[in-house]
Amino acid sequence: MKDVTQLTDGWSLRYDHDLLPARVPGCVHTDLLAAGIIPDPFLDLNEIEVAWVGRRAWSYVADVAHDSGHERTDLVFDGLDTAARITFDGREIGTTRNMHRSYRFDVTGVAGRLEVHFASAYEEAEAVRAVTGDRPNVYPEPFQYIRKMASSFGWDWGPTLVTAGIWRPVRLEHWSTARLAAVHPLVTVDEGAGSVEIRLRVERTDRGAGRSLLARATVAGEHAEVRLEGETAVLRLTVDEPRLWWPRGYGDQPLYDLDVTLSDEGGRLDAWHRRIGFRTIELDRAPDARGSGFTLVVNGERVFARGVNWIPDDVFPSRVSPARYRTRLSQAVEANVDLVRIWGGGIYEDDAFYDVCDELGLMVWQDFLFACAAYPEEQPLRGEVEAEARDNVVRLMPHPSLVLWNGNNENLWGFRDWDWEPGLAGDSWGEGYYLGLLPRLVAELDPTRPYTAGSPWSGSWDHHPNDPDHGTYHSWEVWNRQDYAEYRANVPRFVAEFGWQAPPAMATLRRALTDGVLAPDSAGMLHHQKAEEGNDKLNRGVARHFALPDGNFDRWHYLTQVVQARAVAAGIEHWRSHWPACSGTVVWQLNDCWPVSSWAAIDGDGRPKPLHHELRRVYADRLLTLQPAEEGLVLALVNQSAAEWRTAVDLRRMEADGTPLGRSTQEVVVAARSVLRLSTAPGLVPEKHSAKEFLVADADGLRALHFPVPDKEFSYVQPDYDVILEPVAGDGGKVDVVVNAHTLVRDLLLQADRLGPDARADRGLTTLLPGERTRIRVDGCGSVTMDDVRAALFCADTK
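Using the numbering used here, the letters of the sequence shown map in sequence onto residues 1107 to 1905.
In case anyone wonders, no lab produced these hints; they're calculated from the structure. Being a predicted model, the structure only gives us computed values, none of them experimental. One should not assume that every hint holds.
Unchecked claim - With a cut-off of at most 25 angstroms between alpha-carbon atoms, the simulated PhoX-like pairs for lysine-lysine come out as follows:
{"hint": "1", "residue 1": "Lys1818", "residue 2": "Lys1840"}
{"hint": "2", "residue 1": "Lys1643", "residue 2": "Lys1818"}
{"hint": "3", "residue 1": "Lys1818", "residue 2": "Lys1798"}
Unchecked claim - DEER-style ranges, computed between Cβ atoms:
{"hint": "4", "residue 1": "Pro1127", "residue 2": "Arg1162", "range": "17 to 23 angstroms"}
{"hint": "5", "residue 1": "Glu1388", "residue 2": "Ala1493", "range": "55 to 61 angstroms"}
{"hint": "6", "residue 1": "Gly1406", "residue 2": "Pro1553", "range": "16 to 22 angstroms"}
No residue lacks a Cβ here, since even glycine has one placed at the ideal position from N, Cα and C.
Using the sequences and the accompanying hints, generate a full structural model.
The structure is reproduced here in structure tokens:
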């Protein structure tokens, strides 16, 4: 049987004339940080201080001895970042130039000093640019000339920290006769029967050449075997009536152990194991009266995708552990998310990411790694792109959560709209990857899943790449230039990106910025704001609805977070109310890779912003919303659950001080997986520009509000409420904050992290009518006083 020796210990990083302790998997920055050579680049302006790290060469060294008794020993790297030369006992055994591939080298009989020499990623990129010629991109960094995590060169939410290192595990594999070189499981379901077609490729030693081998596969109690005289074989298994894997909210997520073994007459030689799920996935792009749709269909069920975009959870991805993946993806589930899009400027995530998605029922949309740039299609890049795609398609295809392959992020759109075409003058820019190479590879290796050429993409050059009536759509004009109410101006078929910024939680800011008083325009705040004119856009967004605070950072911080939550909710509520014309929204973005003002719902320290709580509301199976429309004010009831929704909707027209002006109750029935849109009775609709009236709708504990004018124009009564603290019996780490409202209290928020850096509240923005109360449970705050709690409470209608 094959033996494996993990090479995790005994590594050193060569720094000038010294050898520093190194962690593998890891990277140069984290090793230098641990050794005290560099300051934490996430704090203050330290990112600038450590820029030199990415511009020099580095070497990792370890002394390796082995005597396995096997015929063959391979040195296997699951990930090298990026341009590397490997020497073993003084001999060069290979070179690499791709962070996104695994590598295997025959080192039979070799022992001694193992060294991995990394060139500067900048030098490698510039060398490739000299061969291929210049290409446009959206950032002044050469990320499209090297197959490396593009966002390590900086993005509009991330720092420029250009890494190098052995970022994924490395090991020695000792084997004899033959090994399993590739296992491709194609899992399908047809007429109630599950099928697994397993395409095998083996590698043999010289002694194993021509020897008869036996490959055996098992799943769900079913077995198949085949004799191999050559290097390839196919096994087929059929499982009668398997339990189907469903996205969360649609059913369970049963997983089956699939095992493959390779043997000869002497016994077992190698083994392979994965968990699979039985399900069908289709992408309905059929033309209709409005254009052409983009609807995911799982097991025959059409799905409105409640999605979030995912970026690398740390700019140093080797620090992201399986436990951290589970925490972050569980936070997505808490927000009622059912789809996670892995964005094309990051990485193909570790298997642990997809394992958790399999278990939690999170559909995964996987970008191939191209983002916001024209990519040369010449060598040496073209061969690397094909090898990388083959490597990762085969690695990820067992996961039932993976539902879609996507060719790129915004590059087809960029070619058409961002003035790339004139400068390219006919040079290659990536179209051959997205419309040629990648779909061919997916069809060859993983024909069980759909492929789309890009996001956004209308399906063909017959339409603009970002046409809202065809395919996927990115909505960025609103954040960049308009009020969030403009999300209601159209109904795209599938909104794959949209979002609104806000700063991180206060405790995150206080940890990351240690150099003085917090202010929107302080040096630290501006450095941790990477978007072009980001703070100006934040301020414009606030100023359209509130008086912009002058010198009150706490108020500014709160209002920017309120506007972020309201903006994203405005888009999702509108688009969900138009199902099935619109079949999904994917918010930019779920997470951050460091402490920064960004579009994320969870900040760089893992703390939820108010947006995270708001996603939980607007992505719930059942949603109540009031929507201004051409036909008047529409009450929409969205029922994405599998059960019919019977409820009574209570509509109240009220004055700002809580005086009732009109009321009606209506019994409604909303079919499963459908939307009911109802006109609001004219007598209940506030006057169009009234500053004194609003409308509230309630049903089954859900609430929708409609205010005719922005907050700054509305005649709020000064909010008045009482606060009571109730310790939770038997748990000293929890307290209930009970708020009793005597007036209208708009968007009440308890910023729990102000009570303690580890404190969490179980709810976000809450609007109370006069006489109502809410109970906010806070966990992890320790002992707090009433003054502490009142200092952490904010509301929008404070004058």
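Consistency of the hints with the structure:
1. Lys1818 with Lys1840: violated (36 angstroms)
2. Lys1643 with Lys1818: Distance ~18 angstroms between Lys1643 and Lys1818 Cα, so the pair holds.
3. Lys1818 with Lys1798: holds (12 angstroms)
4. Pro1127 with Arg1162: 17 to 23 angstroms: holds (19 angstroms)
5. Glu1388 with Ala1493: 55 to 61 angstroms: violated (29 angstroms)
6. Gly1406 with Pro1553: 16 to 22 angstroms: holds (19 angstroms)
Hint compliance for this structure: hints 1, 5 are not met, and every other hint is.
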